[in-house]
Amino acid sequence: MTDSIVTLNPIANGELPGHQTQLGGDTPLCLDSGAILGPYTIAYQTYGTLNADKSNAILVCHALTGDQFPADIHPITGKGGWWELMIGPGKVIDTDRFFVICTNVLGGCMGTTGPSSIDPKTGKPYGLDFPVITIGDMVRAQAMLIDHLGIEKLFCVIGGSMGAMQVLEWASKYGDRLYAAVPIAGAPRHSAQNIAFHEVGRQAIMADPDWCQGNYIPEGKRPRRGLAVARMEAHITYLSEPALHRKFGRRLQGRDEVTYGFDADFEVESYLRHQGSTFVERFDANSYLYITRAMDYFDMAAEHDDILAHAFRDTKVRFCVVSFSSDWLYPTVESRTVVHALNAVAANVSFLEVQTDKGHDAFLLDEPVFHETLSGFIDGTIRHSGLSL
Amino acid sequence: MNALPTIEPLRPDLQLIGDMIEPNSRVLDVGCGDGALLAYLAQEKSVDARGVELSHEGVNSCVTLGLSVIQGDADTDLADYPSGAFDYVVLGQTLQATRSPKDVLETLVRIGRHAVVSFVNFGHWRTRLSLMLNGRVPVPAGNQHGWHDNPDIHLCTVLDFVDLCEELGLKIDKGLSLDRHNQVRQIKTGSHMANLRGEQAIFLLHRE
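Order-wise, the sequence lines are chains S and B. Under the numbering used here, the final residue of the first sequence carries the number 840; numbering is consecutive throughout. Under the numbering used here, the final residue of the second sequence carries the number 1331; numbering is consecutive throughout.
Just so you know, these hints were derived from the structure itself, not from any lab. A virtual CB, placed ideally from N, CA and C, is assigned to each residue, including glycine. The reader is advised that the hints may include incorrect statements.
[What the hints assert, rightly or not] Far from chain B, some chain S residues (derived; all Cβ distances over 10 Å):
(1) 488
(2) 595
(3) 601
(4) 714
(5) 728
(6) 826
[As the list claims (entries may be wrong)] Between beta-carbon pairs, the in silico distance windows are:
(7) S:806 with B:1134: 24 to 32 Å
(8) B:1291 with S:542: 46 to 54 Å
(9) S:695 with B:1291: 49 to 57 Å
(10) S:765 with B:1311: 42 to 50 Å
(11) S:837 with B:1331: 37 to 45 Å
(12) B:1132 with S:834: 17 to 25 Å
(13) S:806 with B:1291: 33 to 41 Å
(14) B:1331 with S:696: 56 to 64 Å
[Stated by the list, open to error] Okay, derived cross-link-like pairs now, EDC-like style, lysine to aspartate or glutamate, Cα gap no bigger than 20 Å in a straight line:
(15) S:767 with B:1171
(16) S:505 with S:830
(17) S:604 with S:627
(18) S:767 with B:1210
(19) S:767 with B:1203
(20) S:542 with S:830
Looking at chain S on its own, in the form it has when it is part of the complex:
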């Protein structure tokens, strides 16, 4: 029963593509919780070439279950990268022009230090001894990597969903270190509904006896059923009713009649079960707990007397905020709240709600209007910044 080691073997065997850098040896990371973490490892991937004056770097921030391989074959699943539509030679984020960096977030399970990493104090996986982290901590860790790479100012920080939260955090905390910020399908804080969905997912994991109070790795177990249920539930929130209906309707799965039982009679059930079972092959349950928690704690206005605009005071960053009309997880009103706060500080901001019925996941899909807009914004930012890229 060492399947956790087996399935995550590219990481365990040190065969992970991309780069891994140990940081925080001299100056450890001071986490929002008050805990100190260091040294820690950041796993990241890059595409394209950093130019001589290091002015063409774009940092791509991944979502809850994403990783540092947006434009690579995934080392575990063998599938294409989660943003290969967006990133590549001649694409919207053109790797012939830009140096693209994507890091696995702090708390993740693809090579960056997280709850499944070995705690140097005990020689065992951290498990629940890993400190609770926040979106701010993830960004702090990324900023240390950007320092390490010798990049003074990023051309752009871009990301969808939880990636958008990191983008907003970058713009707020490190405003002089980026020209442009593109938060997509995001929110300035997690709503009660967002927290509620995450709590169901966490409870599913913790209710699985194989979770072993977070200690499943030393016990040689994995909470597969709990994590799969968490993924199934979350996956529904990434889609929309019309998208689900179009894809599955009430069609039956490989049968002509219902079975009057609890098999996956319907295609949509079979689809969700598949989503759940493949997810557990590539994701760590404790990472899921920690990262969802980080998102729940996200509330940008909270540290500014509940006035979101104060988080962006005097910002020189050029923003492009994008939402999707059928996204009910982070609906347009959340993006509009960000836009209004940016207006209040007279920031340079563009905002587009893309009309689509594909729900939250639209940011990962082929949405021509979205891609066109983003291309125009990137070109506009090059002109605006005066850089010759």
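Go by the hints and put chain B onto chain S.
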């Protein structure tokens, strides 16, 4: 690839608005459409150009041109801007489609040191004649809508607009009228002639 696209000649009313704007100023164009005026101002007058536009197509076209434009509407999405954030706030052919023109006008002169407002003059002699002869609500040329689905819900005349400015304590710095032959005339405040002869009116205002 990084050069701004070539600018086509502006529509005559937009050109008149463009001429009122000082180079190197900060401009917000409310209802900026496909961004023609903003692109012109950015390129020809080095203006820091921002826009607000309701239609998805318009916003997409503007941002694709590299302009900074937010999707929003004049009634609900201007309130957050701080006072004096812009040198000019432009409201071209949009006032009549707002729910509350009075509030919008007040917001324009709050967030901009100047406001530039243009509208189709409902007092033009053709409009008056059309109602008298046909007995039907006149629809200005180029407007594809009927009386029941016309988004222009608050039509006004030059005299109506001047009255509203007076009521709000706004100073009119400049008034121009434009007819279908692109003839431009100065509007003298209170002039009934301008109200008869101008098909479109363009005003430069500020709060006294």
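Cross-check of the supplied hints:
{"no.": "1", "hint": "488", "result": "holds (38 Å)"}
{"no.": "2", "hint": "595", "result": "holds (31 Å)"}
{"no.": "3", "hint": "601", "result": "holds (25 Å)"}
{"no.": "4", "hint": "714", "result": "holds (43 Å)"}
{"no.": "5", "hint": "728", "result": "holds (38 Å)"}
{"no.": "6", "hint": "826", "result": "violated (7 Å)"}
{"no.": "7", "hint": "S:806 with B:1134: 24 to 32 Å", "result": "holds (27 Å)"}
{"no.": "8", "hint": "B:1291 with S:542: 46 to 54 Å", "result": "holds (50 Å)"}
{"no.": "9", "hint": "S:695 with B:1291: 49 to 57 Å", "result": "holds (51 Å)"}
{"no.": "10", "hint": "S:765 with B:1311: 42 to 50 Å", "result": "holds (44 Å)"}
{"no.": "11", "hint": "S:837 with B:1331: 37 to 45 Å", "result": "holds (39 Å)"}
{"no.": "12", "hint": "B:1132 with S:834: 17 to 25 Å", "result": "holds (22 Å)"}
{"no.": "13", "hint": "S:806 with B:1291: 33 to 41 Å", "result": "holds (37 Å)"}
{"no.": "14", "hint": "B:1331 with S:696: 56 to 64 Å", "result": "holds (58 Å)"}
{"no.": "15", "hint": "S:767 with B:1171", "result": "holds (13 Å)"}
{"no.": "16", "hint": "S:505 with S:830", "result": "holds (18 Å)"}
{"no.": "17", "hint": "S:604 with S:627", "result": "holds (7 Å)"}
{"no.": "18", "hint": "S:767 with B:1210", "result": "holds (18 Å)"}
{"no.": "19", "hint": "S:767 with B:1203", "result": "holds (18 Å)"}
{"no.": "20", "hint": "S:542 with S:830", "result": "holds (13 Å)"}
Going through the hint list in order, the structure does not satisfy hint 6, though it satisfies all others.
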